[in-house]
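Participant: The residues making up each chain are set out below.
There are 2 protein chains.
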Amino acid sequence: MANSEGRTELEELGEFGLIQHLAKHVEIKNKSTALGIGDDAALINPGKKQLVLTTDMLVEGVHFDLTYTPLKHLGYKAVVVNISDVCAMNATSSQITVSIALSNRFSLEAIEELYAGIMLACKNYNVDLVGGDTTSSLSGLIISVTATGFADKKDMVLRSTAKEHDLMCVTGDLGGAYMGLQLLEREKTVFQADENMQPDLEGNDYILERQLKPEARTDIIKLFKELKVKPTSMIDISDGLSSEALHICHSSDVGCNIYEEKIPLDHQTIQMAHEFKIDPSICALSGGEDYELLFTVNQKDHDKIKGNPNITIIGHITSKAEGCQLIGKGDVVHELTAQGWDSLLKKN
Amino acid sequence: MANSEGRTELEELGEFGLIQHLAKHVEIKNKSTALGIGDDAALINPGKKQLVLTTDMLVEGVHFDLTYTPLKHLGYKAVVVNISDVCAMNATSSQITVSIALSNRFSLEAIEELYAGIMLACKNYNVDLVGGDTTSSLSGLIISVTATGFADKKDMVLRSTAKEHDLMCVTGDLGGAYMGLQLLEREKTVFQADENMQPDLEGNDYILERQLKPEARTDIIKLFKELKVKPTSMIDISDGLSSEALHICHSSDVGCNIYEEKIPLDHQTIQMAHEFKIDPSICALSGGEDYELLFTVNQKDHDKIKGNPNITIIGHITSKAEGCQLIGKGDVVHELTAQGWDSLLKKN
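Protein chains in written order, with the numbering used here: chain A, 91 to 438; chain B, 91 to 438.
A portion of the hints provided could be inaccurate.
Identical chains share a label here; the pair holds if one copy fits it or two copies do between them.
What the hints assert, rightly or not - In silico lysine-lysine, DSS-like type, Cα no more than 27 Å apart, as pairs: (1) 139 x 121; (2) 138 x 303; (3) 367 x 352; (4) 138 x 244; (5) 138 x 119; (6) 243 x 367; (7) 253 x 114; (8) 139 x 243; (9) 139 x 119; (10) 162 x 320; (11) 367 x 315; (12) 121 x 315; (13) 410 x 315; (14) 162 x 119; (15) 320 x 419; (16) 315 x 213; (17) 320 x 121; (18) 312 x 253; (19) 303 x 114; (20) 243 x 121; (21) 243 x 312.
No lab work stands behind these hints: they were computed from the structure.
With the hints as constraints, model all of the structure from the sequences given.
Facilitator: In C-alpha cells form, the structure reads like this:
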C-alpha cells in the first residue's frame, strides 16, 4: 500500500479503513470493558464503583510542536495527561476514547506512530482503548482523549476538601518538563538559523523525557493504599505548582504556606535553569506539565509519609484569612500567584 | 467587559476565567452525576446499570461552515450527534463533557452563543455538562464532545446482532439534512459572487433545520419501551442509509434487501432534490447527518410497529450469501455500496 517512499496516503484507506486498520492492534484488558471499538458507543460495567470521567485536548502549535515532538511520544503523552487526572481523584484508569483530527499532510505511517504511542500508554497503564473519532482537519493535528476510571466512593479524593493544618505534599520533582521545553525551543531556534547545526541535547535526558514522555503517578495511588493514607485533597500538576495550590485553596476555602526551599528540584532542572538565567523555583511554580500530584494529608498521617523518597512535604494548609503564601529564602513572604501556563494568553 | 462593539476579548478572561464564566450556567439534573465541572475529573454513580461511552469531534471547515451555521445551532448539534449515538445503543444519555479549541478570532460573546446551544441541548435532553477542556487553536474552531448514558444490560442493543428474516426499519425521514446542506452551499456561492444577493431559503425550513439543528431520537427509545419492542440491532444514521445498513450487515454477518420505494422522504427533500437534479433516494442512501435510527426487529414484533407514524419498514435481513441489496424501482437490483460522507476523501 505504501509508495516507494514508504508513505501510505490516508485517501487510499478512507475513514472506515483507517479505523479498522488502527483497531486491529487494540486488545481489551479490563473486565469492566463490556464492548470496545466498533459500535455507536462503548459499554462499560461499573460494578459497584463510582465512575471518574475526564477529558483533555492537545492542539498542534499550541500544546506541541512536531519539529521536536516524536509522534509516538505525543500519542503516549496525550493518554498520560488524562490518566494523571484520574490519578488525581485517587482512582484507577480503565478506559479511554481517542479522537483525532488530521490533515492529509500526515501519512498512514505517521498515524501508526501516533497510535503506537497511544497503545504503549494503554499497555503500560493497563487501560483499554474503547472508541473515538477519526476525522480530517484543514491543517494541524488535534488529539482529544477522554478517560474513565473507577474507585470506591469512600476512596475518592476531591480538591475541595483540604483542611487547616493539613500537610501539603508533592510527588517526584518539579520544573523539569518546563526546562525540557525551553531546551527544545532553544535548539529549534538554533537549527532554524543554521540547518547544519546539530541540536545540543546531550546530558539532558531527564528533563527532555519529562517534557516529551511524562508519566502519570499511578504508583502513588497504589502507595497510598499500601501506606493506608487517604489524602484530604489532591490535584495533578499540569499548570505549575502555584496554579494548582491556588486551585486546592480556593476550592477548599483555605490558605496555605509553601516553603520555597522545600520544593523538590532535579539537578538537571537546576543546572538548565541557571544556564537560562531563570530561578529554578519559578520553573516549578509556574512551569507546569510535570504531571506530579499535589495533595494534602492530615497531620496524623505524617509518620506514614515521612522519609518516603516519592513524597516531599512542601508546606501546610492555613486559614483562608492568612492567604496563599510562598515563604522564600530568608523568610521573605510572597503572595502565591497563578502564572500558570495559560494557553489563551500565551499563544495567540 | 465588552468593548464598544459588544465584543469581549478572550485574552481578558484567560482560560480559568472563561471556564468559570461558562460553568456558572451549568446546573446538575441527573442523580447519577455525583460531581460535575471543577475538579480533575467528573464523578458518576452508575448504580447497577451499564455505562455507554461515545465521542464525536466537529472541525470547522470540515464538518461545519460558520458562514451559514449559527454558533448556537452548532453547539446544539455537537451535543445531539453524541446523544444520537447513545440512543443507538437503546440507552438514555446522562452526562457530557465538551472540549473546544478556538482562536482569538472568537470573542467571549461568540463562545457564549456556542455554549447557549450546548446548554439548550443539555436542557432538552436532560443531560448534565460535567467537564471538558477549553484551549486555543491557531485558526479554526474544534469541538469534541463525549457522552455517557446508562441502560440495563439486558436492554442494550448492538449493531452486531441482526438475524436473518428480521425486519429493517428507519425512524422519521431521510435525506433532508443533505438537501439542507446543498441549499446552504448554493446560497453561499451566490452570495460570494454578489454580496447584494439575499439568500433564497424561503419555504425550506424543514430541510434547513434538519441540517442545522438535528434532533436525537430519544423519543423512539421511550417508544420501544412503551411498545415492549427490543430491536435486534440498531445504529444511528450519521453517514447515510447505505453505509449504516452495511455496518449492521457486516457486524452481524448477514445480508439485507432494502426497497428503494419504501425509503421515507419528506416532500421538501424530494422537491429540492429535483431542483438540484439529484435522485432523492441518493440523498437518503448517501447523504447522511439525518440522525434517525436504523434498526432491525424480529418478525414477531411486526404488529407492534406496523402503522406507527415514526417508523417505516424498508426491508429485511437476508443471509450473508445473498449480499446487501437495494431493490430499485421496477425491481432492478443494485448492490448496496457505502458512498457515505467520508471526510478524509472529500475534504482534503
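Participant: The structure should be examined with respect to each hint, and the outcome stated for every one.
Facilitator: Results for each hint:
no. : hint      : in the structure
1   : 139 x 121 : both (13 Å within a copy, 15 Å between copies)
2   : 138 x 303 : neither (34 Å within a copy, 38 Å between copies)
3   : 367 x 352 : within (21 Å within a copy, 74 Å between copies)
4   : 138 x 244 : both (12 Å within a copy, 18 Å between copies)
5   : 138 x 119 : both (19 Å within a copy, 22 Å between copies)
6   : 243 x 367 : neither (47 Å within a copy, 60 Å between copies)
7   : 253 x 114 : between (49 Å within a copy, 25 Å between copies)
8   : 139 x 243 : both (7 Å within a copy, 16 Å between copies)
9   : 139 x 119 : both (18 Å within a copy, 21 Å between copies)
10  : 162 x 320 : neither (35 Å within a copy, 43 Å between copies)
11  : 367 x 315 : neither (41 Å within a copy, 68 Å between copies)
12  : 121 x 315 : within (21 Å within a copy, 29 Å between copies)
13  : 410 x 315 : neither (30 Å within a copy, 53 Å between copies)
14  : 162 x 119 : within (21 Å within a copy, 40 Å between copies)
15  : 320 x 419 : neither (31 Å within a copy, 69 Å between copies)
16  : 315 x 213 : within (22 Å within a copy, 40 Å between copies)
17  : 320 x 121 : both (26 Å within a copy, 26 Å between copies)
18  : 312 x 253 : within (23 Å within a copy, 46 Å between copies)
19  : 303 x 114 : within (25 Å within a copy, 35 Å between copies)
20  : 243 x 121 : both (19 Å within a copy, 15 Å between copies)
21  : 243 x 312 : within (16 Å within a copy, 31 Å between copies)
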